[in-house]
Each structure stands twice: as C-alpha cells, then as structure tokens.
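Number of protein chains: 2
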Amino acid sequence: MSTPPPDCPLCGGDGGVLVARTPELRAVLVDEPDYPGYVRVIWNAHVAEMSHLSEPERARLLAAVNLAETALRQVLAPDKVNLASLGNQVPHLHWHVIPRFRDDAHFPQPIWTARARDPDPDRLLRCRQALPALQARIARLLRMG
Amino acid sequence: MSTPPPDCPLCGGDGGVLVARTPELRAVLVDEPDYPGYVRVIWNAHVAEMSHLSEPERARLLAAVNLAETALRQVLAPDKVNLASLGNQVPHLHWHVIPRFRDDAHFPQPIWTARARDPDPDRLLRCRQALPALQARIARLLRMG
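Line by line, the protein sequences are chains P and H.
Residue numbering for the first sequence is 1 to 145, as defined by my numbering.
Residue numbering for the second sequence is 1001 to 1145, as defined by my numbering.
These are computed hints drawn from the structure, not numbers from a lab.
The C-beta atom is built at its ideal place from N, Cα and C for all residues, glycine as well.
Where hints are given, some of them may not hold.
Stretch-level coverage of chain H by chain P, calculated; a stretch enters the list once three of its residues show a Cβ under 8 Å from a Cβ in chain P [stated by the list, open to error]: (1) 1043-1051; (2) 1086-1092.
Simulated restraints, written as ranges between beta carbons of each label pair [to be verified]: (3) 21(P) x 1144(H): 31 to 37 Å; (4) 1133(H) x 112(P): 26 to 32 Å; (5) 32(P) x 1144(H): 39 to 45 Å; (6) 1121(H) x 129(P): 29 to 35 Å; (7) 125(P) x 1126(H): 49 to 55 Å; (8) 77(P) x 1118(H): 39 to 45 Å; (9) 9(P) x 1059(H): 28 to 34 Å; (10) 140(P) x 1126(H): 29 to 35 Å; (11) 1121(H) x 79(P): 37 to 43 Å.
Could you put together the complete structure from these sequences and hints?
Here it is in structure tokens:
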C-alpha cells in the first residue's frame, strides 16, 4: 500500500452506491444513466497496479470481479460484459464491470468513446428495475466468498 | 468452448506477433504504432466471457495477464498499465495489456478515445528498441508459468 494522495476520491469515499464491503475490497454501483448495472470493484487500500498486490490478494480481487460479472449475467443477461482496470486518472485499483447491450449508447465500441445513440428506453427501464436484485445477488455472492 | 463463427479473427490467426504460446493461451504483440509494447493475452479456445471459464482456467489466464503486466513494468517502466477484456467486436476472450505514459497519444483517457497528441518520439523509440527484451521476458515468464 502506497501513501494515498490527500485528494484520492477512492480513499475519501465509497466511489458509488455501496453494495457490499469486505475488509479488503468493496463493490459499488456506478451512477451512469446510460449503464444501469455498471459495477466497480474497488480495492480498499491505495494501490496502483494489479501486480503490486500479492498473489492471494490478486486472486481475491479477481474472484470478486468474477462474482460481479456472474451476478450481472444472471440478473441482466447482457450481450457482453466488459472488464477493465485502467486507473490513469485515479491510480487506486478499481475494476469496471460493465454490462453491454447491442442497443446501448456505445456498442460495439468501448463506453469511453463518443456516444453513438440513445439506448432503448424499455431495456434501460428493465435494467433499472433489476438493480435491487443485482445488488442483493452481488452482496450474497461476496459474503459467500 | 462455444462453436466459433467462421470469421473469428482470433480463431483464424495469432492476432498479432506471437511472443509465446501454451496449449491454452498465447501472448502477442499488437501492431499499434502509438503503443509499442501493447500486448494481448488471448485464450486459444473460442470463449466469450471470463465467467465461462472454469476457476482453474481463469486463474491461469489471469496469471498470464499478470506476467505480461510484470514484464511491461520491468522492461518499459510505464506510468500506468491498463488491463481490459472487452470483446464487443470479437467475442473471443482476449486481454489488452497496455503500457501507458503521460506523453502518450491519449493519456489520461483510455486508448479508445479520440487521439489527444503525438507522443514524444524519443520515448516511442526507446519503447520500440526495448521490444526484443520485452518479448524475451514475456516468453521466459510464461514458460516458467
């Protein structure tokens, strides 16, 4: 764990709507209107790179990412799941776990590209309505470890 | 393993300059002039999502991604490493392992955004000159498993 800068947003707050927390990591829902169900899995300590973690720590973080992906697939049935650990702006380990749909605002491009369309509002509504079930499932899976 | 579509580019070819191959996966160098040292770690079988793999398979793939990240850091000393498994266009499991530098063409944005600048040519040259060392290190680490 490196010394966190005083302005690190992932040291100073949850980084989203808290879904589940363990002593090492947490899962949050990201407030991104185009992507209901977008989850971040955040390592609690201020660490920049995956290869800075020990092997058991890395395995536990990636297991949590996989549980989030599994919950997304079970609850939302997306066309694809996108996983990414970038951290160029906030070098505090966090994984983006993003449900992607063919009608979404950027498909098939990454969500960081220019917006291509308005998503289907009915599909967005179905995803939003499923968020409580998604949160419950992620929390349950993370508790089960 | 699902049935691959006949046009899957990662079933029909290496997907880059082959650096190392095991029975399950391979590492390739991506031909991307702005990003010398950009590696992809590709699962050989046609599988779409990480959560479709068994736990031991997933662990071996992520270990290879971590070896590639470690080699990148040792040889190129980037300011950040970006990891991503997207697969919206080619739903055949592959991990992007991307060395990022503050002067690169998109920093601090993801590499899929609009190009922001020309990278420092001296730094690009140093990265290009280090590619043989990078390839040798990735191949050695993957052999050691």
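Status of the hints after comparison with the structure:
1. 1043-1051: holds (count 4)
2. 1086-1092: holds (count 5)
3. 21(P) x 1144(H): 31 to 37 Å: The hint (31 to 37 Å, Cβ to Cβ) holds, given that residue 21(P) and residue 1144(H) are roughly 36 Å apart.
4. 1133(H) x 112(P): 26 to 32 Å: holds, 31 Å
5. 32(P) x 1144(H): 39 to 45 Å: About 40 Å separates the Cβ atoms of residue 32(P) and residue 1144(H), which means 39 to 45 Å holds.
6. 1121(H) x 129(P): 29 to 35 Å: violated, 52 Å
7. 125(P) x 1126(H): 49 to 55 Å: Because 51 Å falls inside the window, the suggested range holds.
8. 77(P) x 1118(H): 39 to 45 Å: Roughly 43 Å apart at Cβ, these two residues keep to the hinted range, so it holds.
9. 9(P) x 1059(H): 28 to 34 Å: 31 Å Cβ-Cβ, so the 28 to 34 Å window holds.
10. 140(P) x 1126(H): 29 to 35 Å: violated, 49 Å
11. 1121(H) x 79(P): 37 to 43 Å: Once the Cβ atoms are compared, 40 Å apart, the range 37 to 43 Å for residue 79(P) and residue 1121(H) holds.
When each numbered hint is compared with the structure, violations occur for hints 6, 10.
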